[in-house]
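A.B. asks: Here's the letter readout for the chains.
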Amino acid sequence: MDFDLGDQATALRSRLRELIARHIAEDYLGAFTNDPADLDVAQRFCKLLADEGLLTIAWPTEYGGGGGSLWDQTVVREEMWAHHEPRGAQYMGLNWVGPAIMAHGSDEQKRRHLPAIAAGEVIWCQGFSEPEAGSDLAALRTKAVPDGDGWRIEGQKIWTSYAGMAQWCVLAARVGEGQRHEGITMFLVPMDTPGITVRPIRSMLGPHHLNEVFFDGVWAGPEAVLGGVGNGWAVIRKALAHERVGIARYARCERLLSALGRELAPHWDSLPASLRAQWARALVQVRVARLLAYRTVHAQATGELPDVLASAARIAVTQCDQAVAEVLAQALEDQALEAGTRAPLHGAVEDHWRYAQAATVASGTIEVQRMIVAKDLLGSSR
Amino acid sequence: MNPVLPDEALEFGAAAAKAFAALGGVDAARRAEEDPATRGAEVAGALRALGTEDLDPRDGPEALAAAAALCEAAGRSALPYPVTGALLAGADGRPFAVVPDRAARVDHGDLFGEWRVARLGGRATVASRPDGARGLGSRLGPFVTDLVEAGQNGAGDADARGDVALHLALTACMVLGTVDRAVELAVDHVNGRIQFGKPIAAFQSVQFALADASVAVSGLRELAHYTLWRPTLVDSLALRVHALDVARSVLRTTQQLHGAAGVCDEYDISVLIRLAQPALRLPWGAERTAEELATAIGRDGFDGLFEHGGSAG
Numbered sequence: 400m401d402f403d404l405g406d407q408a409t410a411l412r413s414r415l416r417e418l419i420a421r422h423i424a425e426d427y428l429g430a431f432t433n434d435p436a437d438l439d440v441a442q443r444f445c446k447l448l449a450d451e452g453l454l455t456i457a458w459p460t461e462y463g464g465g466g467g468s469l470w471d472q473t474v475v476r477e478e479m480w481a482h483h484e485p486r487g488a489q490y491m492g493l494n495w496v497g498p499a500i501m502a503h504g505s506d507e508q509k510r511r512h513l514p515a516i517a518a519g520e521v522i523w524c525q526g527f528s529e530p531e532a533g534s535d536l537a538a539l540r541t542k543a544v545p546d547g548d549g550w551r552i553e554g555q556k557i558w559t560s561y562a563g564m565a566q567w568c569v570l571a572a573r574v575g576e577g578q579r580h581e582g583i584t585m586f587l588v589p590m591d592t593p594g595i596t597v598r599p600i601r602s603m604l605g606p607h608h609l610n611e612v613f614f615d616g617v618w619a620g621p622e623a624v625l626g627g628v629g630n631g632w633a634v635i636r637k638a639l640a641h642e643r644v645g646i647a648r649y650a651r652c653e654r655l656l657s658a659l660g661r662e663l664a665p666h667w668d669s670l671p672a673s674l675r676a677q678w679a680r681a682l683v684q685v686r687v688a689r690l691l692a693y694r695t696v697h698a699q700a701t702g703e704l705p706d707v708l709a710s711a712a713r714i715a716v717t718q719c720d721q722a723v724a725e726v727l728a729q730a731l732e733d734q735a736l737e738a739g740t741r742a743p744l745h746g747a748v749e750d751h752w753r754y755a756q757a758a759t760v761a762s763g764t765i766e767v768q769r770m771i772v773a774k775d776l777l778g779s780s781r
Numbered sequence: 004m005n006p007v008l009p010d011e012a013l014e015f016g017a018a019a020a021k022a023f024a025a026l027g028g029v030d031a032a033r034r035a036e037e038d039p040a041t042r043g044a045e046v047a048g049a050l051r052a053l054g055t056e057d058l059d060p061r062d063g064p065e066a067l068a069a070a071a072a073l074c075e076a077a078g079r080s081a082l083p084y085p086v087t088g089a090l091l092a093g094a095d096g097r098p099f100a101v102v103p104d105r106a107a108r109v110d111h112g113d114l115f116g117e118w119r120v121a122r123l124g125g126r127a128t129v130a131s132r133p134d135g136a137r138g139l140g141s142r143l144g145p146f147v148t149d150l151v152e153a154g155q156n157g158a159g160d161a162d163a164r165g166d167v168a169l170h171l172a173l174t175a176c177m178v179l180g181t182v183d184r185a186v187e188l189a190v191d192h193v194n195g196r197i198q199f200g201k202p203i204a205a206f207q208s209v210q211f212a213l214a215d216a217s218v219a220v221s222g223l224r225e226l227a228h229y230t231l232w233r234p235t236l237v238d239s240l241a242l243r244v245h246a247l248d249v250a251r252s253v254l255r256t257t258q259q260l261h262g263a264a265g266v267c268d269e270y271d272i273s274v275l276i277r278l279a280q281p282a283l284r285l286p287w288g289a290e291r292t293a294e295e296l297a298t299a300i301g302r303d304g305f306d307g308l309f310e311h312g313g314s315a316g
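As they're listed, the protein sequences go chains A and B.
Sequential numbering from 400 applies to the first sequence in my numbering.
Sequential numbering from 4 applies to the second sequence in my numbering.
Chain A with its partners taken away, still in its complex shape:
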């Protein structure tokens, strides 16, 4: 038993924190706020990480990456999320679009897309969910009909993050009349292709997070297909495998609880005992969520990662996110309503509470995770 991540991971964490301290303001709440300057900060920071060789630290060396271990990737995930993801929308390209292109892309696709992703120059969005295909992704209806040597794409995507700012979309569409997984095909489509319309969806998460994307007779050439016609489900599964561990939400939770502890320290003895106890329990819950995530990484690093481990970690991590949001808000009482840099903790509590509400829905609902755990637990009776 050893819970030390090792010298390399520790050094990487220090280096990332140094860069963040130097280039990201203490009150930064991420790229997707009402202030467009926050997006510029993220774009500059991505370039900086790319120059330092840190943006693609997790990529294999043959694609210009750092060949970092899974624990290095864990540290990057934790530090970036803890500090309000100063890579902005880039994590999607880095974490799975890039790796999916490495695994399934043609030489031309690799040449075209990987260097741009590695340089932090391009934003990708993911066209998976549809109005009638959320948790049940295989029910998707967006169609790609053969037209000349290419395809005409017709349909609608929803909940698409960053669609309004993305240059490229990795799109799942159905070819032919097949049912469920049959015929699903992945396309790499430039977002400025005629026929694509993006409609932002107002939400409590703030701007850019959620959009509808309409595909109205959108042309895609044969070179747009990723991984072969009808092979989309395998690409999606592989892509999602890169995301199995999920966002390190516990890291931001812990950073905010730490900040809250400092904020409350002068009044610590006069706080209600129940509040102190909630704060202490929240720290324990954050530790448990982190350890379940580490268990998942350990399984991945030493062999196979069973679905049930990844789902258990996701359940714990997303519930932790919401529980901590509530503890932070309870501690600030009426001030939890305040946003902006003059609010307590620079408005991070208000921001966290809003964002946490989607934690048990984003990237797969908690219900789907529970179904996976129950299947493992109960076997054939269910």
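It should be emphasised that the hints constitute simulated quantities derived from the structure, not laboratory data.
Take the hints with a grain of salt, since some may be wrong.
[Unchecked claim] Think about it this way: if two alpha-carbon atoms lie no more than 35 Å apart in a straight line, the pair counts; the simulated DSBU-like pairs of lysine-lysine are:
| no. | chain 1 | residue 1 | chain 2 | residue 2 |
| --- | --- | --- | --- | --- |
| 1 | A | 542 | A | 774 |
| 2 | A | 542 | A | 509 |
| 3 | A | 637 | A | 542 |
| 4 | A | 637 | A | 509 |
| 5 | B | 21 | A | 637 |
| 6 | A | 774 | B | 201 |
[Claimed, not checked] Looking from chain B toward chain A, a few residues come up when the C-beta cut is under 8 Å (computed):
| no. | residue |
| --- | --- |
| 7 | 4 |
| 8 | 6 |
| 9 | 213 |
| 10 | 225 |
| 11 | 228 |
| 12 | 231 |
| 13 | 235 |
| 14 | 241 |
| 15 | 300 |
| 16 | 305 |
| 17 | 311 |
C-beta atoms are modelled at their ideal positions from N, C-alpha and C, and glycine is treated no differently.
Add chain B to chain A, keeping to what the hints say.
C.D. replies: Just chain B, lined up with the frame of chain A:
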């Protein structure tokens, strides 16, 4: 980084589970309630055969992991014996317990003439079994005994503080065994119980309740391993509060899923939940433990990705 218990500890835990199964599992507890003397005879004998007298959890991480595996196995069958206390016996042979402020109240306290007892502050005293002492005899604490304290034993505060941390951690491992077994029992029950023409496991409300219980147990297991790696007082308090919170929810869920059988002592779940109560209430319950944890974090800090309390606070 390796979050898994060492193989030796896992093997020792498996051997202990086998030995306790040979005693009849939860039946050993049923027999002890009928005849308390079976604890000193058959249960103590089984522990001796496992070699627990030579196992000192203070001997380093491997020994502590083995002790934890033993405690987990004990918790799985509501083993009617103060395993944690016996493991932490000092050179004088007296078993050790952390006790509430109000009284030197110890589960199975009647099994030994003298105990070394301590409170959170770490001051150890010797406490004796009064003549003719017997357990409370209640359904929730049949073997819980009030001892009489003699005074300081001069063993030194620092030693006792370390033992307090280990006692809390090992007791939490016992609770881990109990909740893990409770989920297994519930899984067996819902797979076998037919209502409305199908196993009740086919209902999603049942599936989701068990999924949440199972995730809670997995989380507790990881936290236990982490704490065993470096059992400071603050980490042991954290483990205890989490074990109690998980137990409250998981035992409730698993009992409910048994329907009326959940409160019948013919079913293991009922005996398991009843006899887990002393570990959940002694030396303090979840709320008091959480308060103590908050105070300890304020004083000593809390290890993690960022600084909490301690000098930083």
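A.B. asks: Determine for every hint whether it applies to the structure shown.
C.D. replies: Going down the list of hints, with the structure as the test:
Annotation: proposed proximity of residue 542 of chain A to residue 774 of chain A holds, straight-line Cα distance about 32 Å (limit 35 Å). For the hint pairing residue 542 of chain A with residue 509 of chain A, the CA-to-CA distance comes to about 25 Å; that is within 35 Å, so the pair holds. As the CA atoms of residue 637 of chain A and residue 542 of chain A are separated by approximately 22 Å, the hinted pair is consistent with the 35 Å bound. Distance hint between residue 637 of chain A and residue 509 of chain A is fulfilled; the C-alpha atoms sit about 17 Å from each other, no more than 35 Å.
Restraint check for residue 21 of chain B and residue 637 of chain A: the C-alpha separation of about 41 Å exceeds 35 Å, so the hint is violated. Restraint check: the Cα-Cα separation between residue 774 of chain A and residue 201 of chain B comes to about 16 Å, which is no more than 35 Å; the hinted pair holds. Taking 8 Å as the C-beta contact cut-off toward chain A, the hint placing residue 4 of chain B at the interface holds, the least distance being around 5 Å. For the restraint placing residue 6 of chain B at the interface with chain A, the shortest Cβ-Cβ distance is roughly 5 Å, inside the 8 Å limit, so the hint holds.
For the restraint placing residue 213 of chain B at the interface with chain A, the shortest Cβ-Cβ distance is roughly 6 Å, inside the 8 Å limit, so the hint holds. Restraint check, residue 225 of chain B versus chain A: the minimum CB separation of about 4 Å is within 8 Å; hint holds. With 8 Å as the threshold, the beta carbon of residue 228 of chain B comes within range of chain A, its nearest partner Cβ sitting at about 6 Å, so the hint holds. Among the interface hints, the one on residue 231 of chain B holds; its C-beta lies about 7 Å from the nearest C-beta in chain A, closer than the 8 Å criterion.
Below 8 Å, beta-carbon pairs count as interface contacts, and residue 235 of chain B has none with chain A, the closest being about 13 Å; its hint is therefore violated. Nearest Cβ of chain A to the Cβ of residue 241 of chain B: about 5 Å, under the 8 Å cut. The hint holds. Evaluation of the residue 300 of chain B hint against chain A yields a held restraint, the C-beta minimum of about 6 Å falling below 8 Å. Because the closest C-beta pair between residue 305 of chain B and chain A is about 6 Å apart, less than 8 Å, the hint holds.
Taking 8 Å as the C-beta cut-off, the interface hint given for residue 311 of chain B holds, the closest approach to chain A being about 5 Å.
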